[in-house]
Amino acid sequence: MSARLLPMFLLLAACGARSGIDVVAHDASLARQDAGACEVERCNDVDDDCDGEVDEGVLQTFFRDVDGDGFGAEPVRGCSLPAGAVTEGGDCDDTAPDVRPGVPEICDDAVDNECDGATDCDDAECGCGGVVLEPEPYSMGSPPGERGREDDEVLHVVTLTRPFWVMRTEVTQGLWERLTGTRPSYFGSCGDECPVESISWFEALELANRMSDAEGLPRCYDLACTGALGEGCPDPTEVPGTWSMCPGSFQCSRAEFRGLDCEGYRLPTEAEWEYAARAGSRTAFPIGDDIERVDEIGWCTSNGAGVTHPVAQKPANPWGLHDMTGNVYEWVWDGYDEYPAGAQVDPVGPFGTRTTRVIRGGSFAFGDFACRSANRGARRFDMRENVVGLRLVRTLPAE
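Just so we're aligned, residue 3 is where the sequence shown starts under our numbering, counting upward by one.
The hints are simulated quantities; they were obtained by calculation from the structure and are not laboratory data.
Here the structure is a predicted model, which is why all the values come from computation and not from measurement.
Cβ atoms here follow ideal geometry from the backbone N, Cα and C, with glycine treated the same way.
Don't take each hint at face value.
DEER-style ranges, computed between Cβ atoms [unchecked claim]:
hint, residue 1, residue 2, range
1, R284, V68, 50 to 60 Å
2, D339, P103, 18 to 28 Å
3, E340, R256, 43 to 53 Å
4, R284, N305, 16 to 26 Å
5, R260, T357, 16 to 26 Å
6, V78, Q253, 16 to 26 Å
Starting from the given sequences, assemble the full structure and let the hints guide the process.
Quick look at the structure:
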């Protein structure tokens, strides 16, 4: 059968129908061209630049914000911000105001709070969540025959009476920055999954309060402070190798603890810290007394290479806690002094006007014997040092 020739206007109409071209709009564009009326495209539902397309390149993408938290999930297009929409997307649960990009990950709640695709133990910000420890009596300090023992490690029985949650790892640089907006670490190039260091005891208390705020928990410290977090020392990226310890600008005239019944985040007491570090052991290290094996579980002088290391790279102790042996020292609440004589119940140590606070756990730079579970150190509470970080705990609510 021979082909039939269709009139040109029918061909154009057929092609327009098949290809989605708006023939009327196209004709209007040609008319604007003929009239010399073409101009820069505006968002007005008109083909201003006569290219056959309407509002191309000027429409914006917004996001419908159902829960009113400033972040949306469903994209909407428009020339201006529609009612009920926002400019920020990425909300992975637009029905929950506390779930949105930029908030700290809440550990152990089975929710991807910060919408980064990682939840609880899978999230580096969490340090793999935490461990709940049930209290019982234990022997704190070291026996006279322990290698490396110091005179301030007098052996005595301590009874803890409250179950408490302990962060699996030291607070990371990533978590610190998320909560404070600062990066104080001397070893900042180590990265977000490395322990934060170069923070004073005052700054550690402030971090604990901010963590409580982020999760809607009560603050455990009443602070009266001035100065900026992470300030007071030279920037090691600009003046490398110039300092390891210096006073921070964040200073507090009052730092009062609301007590062990406070359910917000806080520093552990010295007794809580050693209980967690020992993990039921009575030896110098959680895996025994042999100092030659310390590199199996921690970053101490023999293997630390003079720098910090990402958290949780070494095996956890028997109770699931990483880096209790080495990497960086950790602030605790207690002021430094000799242990009191006799058995103790829930000791919190002396504080009052004392300016030195206890640090525990050893580090990559102070000798392998300093990584023993009983070893004690002390620093002035306003000093920042590149071997000292922190780990947070919480008293669990009474059932």
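Results of checking the hints against the structure:
A hinted range of 50 to 60 Å for the beta carbons of R284 and V68 is consistent with their spacing of about 56 Å. Between D339 and P103 the Cβ separation comes to about 46 Å, which falls outside the hinted range of 18 to 28 Å. Take E340 and R256: their Cβ atoms lie about 26 Å apart, and the range 43 to 53 Å is violated. R284 and N305 have their C-beta atoms about 25 Å apart, which keeps the hinted 16 to 26 Å range intact.
Checked against the hint of 16 to 26 Å, the C-beta distance between R260 and T357 comes to roughly 21 Å, which is consistent with it. As the Cβ distance of V78 to Q253 is approximately 49 Å, the hint placing it in 16 to 26 Å is violated.
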